[in-house]
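Participant: So the sequence shown is numbered by this note's numbering: it starts at 1 and just counts up by one.
Rather than coming from a laboratory, the hints here were simulated on the basis of the structure.
Be careful, since some hints might not be right.
Taking lysine-lysine pairs in the BS3-like style, the calculated list, with each CA pair at most 25 Å apart, reads [unchecked claim]:
#1 Lys12 with Lys65
#2 Lys12 with Lys25
#3 Lys65 with Lys19
#4 Lys19 with Lys68
#5 Lys12 with Lys90
#6 Lys25 with Lys65
#7 Lys25 with Lys68
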Amino acid sequence: MSLSAAAAKAKKIPPMPDKFVRNDKVMGLIECNFYEYLNELQSAMVMFYNPSCPACQRNRPHYIKAAKNMRRDGHAYAAVDCTQEVELCKREGVTRLPTFQLYTKGTYVSHRDFPLDYIRIGDFLEAGATLKEKIIQKDQVDPPCPEKKK
1 MSLSAAAAKA
11 KKIPPMPDKF
21 VRNDKVMGLI
31 ECNFYEYLNE
41 LQSAMVMFYN
51 PSCPACQRNR
61 PHYIKAAKNM
71 RRDGHAYAAV
81 DCTQEVELCK
91 REGVTRLPTF
101 QLYTKGTYVS
111 HRDFPLDYIR
121 IGDFLEAGAT
131 LKEKIIQKDQ
141 VDPPCPEKKK
């Protein structure tokens, strides 16, 4: 069975609001729902973080404010806890925290790994909308979600 066939049969875990960001407009992603969520969006900003990182904590209020101010359909904010999702963070090339990565239709476009205020975060997300003709979408497939032990 191919990875895509196995992924289609695997149990899905829907994204939930991220526990660190604590805002219902910012979904917490894990390895097995990352691309499923991002593939459907025109533009998405993902903050990769470590909850105990001081820079991540300083950027959290800006990320929340940017998410609250977002008004476009097909745009979204998400977050990944790199202490829990080590393999996902490695796969996405995250080397510094926090890192903000921009995706268009699930395809990585660009990143920033320096502090951003809420205006620059919003502008960065909006930049993804202008790239839709230039991006060749590659429907990425997530690995299967782990089975819960009984």
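Participant: Run the distance test for Lys19 versus Lys68: straight-line Cα separation, threshold 25 Å.
Facilitator: holds, 16 Å
Participant: When you check the alpha-carbon spacing of Lys25 and Lys68, does it fall within 25 Å?
Facilitator: holds, 7 Å
Participant: For a C-alpha distance cap of 25 Å, please report whether Lys12 and Lys90 respect it.
Facilitator: holds, 22 Å
Participant: Within a Cα-Cα threshold of 25 Å, do Lys12 and Lys25 meet the stated pairing?
Facilitator: It holds: about 20 Å lies between the C-alpha atoms, which stays within 25 Å.
Participant: Assess, step by step, whether the Cα of Lys65 is no farther than 25 Å from the Cα of Lys19, and give holds or violated.
Facilitator: holds, 16 Å
Participant: Are Lys12 and Lys65 close enough, with their CA atoms no more than 25 Å apart?
Facilitator: Roughly 29 Å between the alpha carbons, so the hint for Lys12 and Lys65 is violated.
Participant: Compare the distance between the alpha carbons of Lys25 and Lys65 with 25 Å, and conclude whether the hinted pair is satisfied.
Facilitator: holds, 10 Å
Comparing the model with each earlier hint shows a violation of hint 1 alone; every other hint is respected.
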